[in-house]
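Trainee: For reference, the chains in residue letters:
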Amino acid sequence: MNSFPGSSLILSSVFVLCGVLTAGGALVAVLSRRVIRSVSGLALSSVGLAGLYYFLHSPFVALMEILIYIGAVCVTIVFAVMLAEPDEPPPDEPQPGARLKTAGALLVSAAVGAAVAWVGLRAPWPGPTRTGDGSIQSLGVSLLSTYCLAFELISVVLCLAILGALVLARHGRRPPEP
Amino acid sequence: MNPLQDTLAPYLLLAAALLAAGIFGLLQRRTLIGLLIAGELILSGASLNILALNRFTAPDPAAGQVFVLFIMGLAAAEVTVALGLVLAVYRHYRSALTRTLTDLKG
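So the sequences go chain by chain: A and B. For what it's worth, our numbering labels the leading residue of the first sequence as 1, then goes sequentially. For what it's worth, our numbering labels the leading residue of the second sequence as 179, then goes sequentially.
Bound conformation, chain A alone:
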């Protein structure tokens, strides 16, 4: 396992890099004013998350994270940015409650995050009692046997979402004048 010198150090540094990418991308996504930078932050965060999923022995989910989040979600948001130019305007006059609102949002989110982290770190998680190996083969078998109904329902939901998005986005377009 440790044939290459310093491989554990390299692994740990790659892990730290993935964590920093995830957290930093999330911060960029939330804090930047331009929407296109937010989308880039979301993509960056997804890359880091895919690395973390790989460390969690789920390579298929890591692949799907890149494929769906970066390839589909971010590209769709970029299309919407192109069509709707949704940038936040710079505040004309400093609004009186803006700073207070930011402080309140920071306080609430920090409180929720700290509470969740505290619960996660303090809870006595049980040790692993393995019954399966979590390979891609067992994933496919359980998708088509145990979770077959949920799988089909997800496909119905996706089909309905496509139809709904088409109907919503089509509404209000004028037909071309003859």
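Source of the hints: derived by calculation from the structure; they are not laboratory data. Just so it is clear, the structure is predicted and the values come from calculations on it, not from any experiment. There may be inaccurate statements among the hints.
Just the calculated beta-carbon pair ranges, DEER-fashion [as the list claims (entries may be wrong)]:
1. B:Thr185 <-> A:Pro96: 45 to 53 Å
2. B:Leu279 <-> A:Thr146: 41 to 49 Å
3. A:Ser145 <-> B:Thr235: 18 to 26 Å
4. A:Thr131 <-> B:Thr278: 29 to 37 Å
5. B:Thr185 <-> A:Leu100: 20 to 28 Å
Which bits of chain A does chain B cover? Going by a derived footprint, with three or more residues having C-beta under 8 Å, they are [what the hints assert, rightly or not]:
6. 24-32
7. 65-79
Cβ atoms here follow ideal geometry from the backbone N, Cα and C, with glycine treated the same way.
Let chain A serve as the given structure and place chain B on it in line with the hints.
Mentor: Frame of chain A, contents of chain B only:
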């Protein structure tokens, strides 16, 4: 001493950080697409939490992976519908700021 990537705590801390960033974005952003991106961050935090507990404590590791795949499918569907709504709102109001959406009458 396990290496860092084989312990549960850093994953849970990162998931909590993603949740906090998403809630901050939901409270702070003023555009519809910004709110959507913050919601995606919250869903990512939930996925990371599920996969971490799935790796370290769950009996059958396939269950959590299937669950996260379903979360991704639902997130994609949500983004599709929400962006259709954003486009419809932008055509109607010529703006995608949350402040301008004040009347209920179409």
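Trainee: Would you list, in rising numerical order, the hints stated earlier that this structure does not obey?
Mentor: When the structure is compared with the hints, numbers 4 and 5 turn out to be violated.
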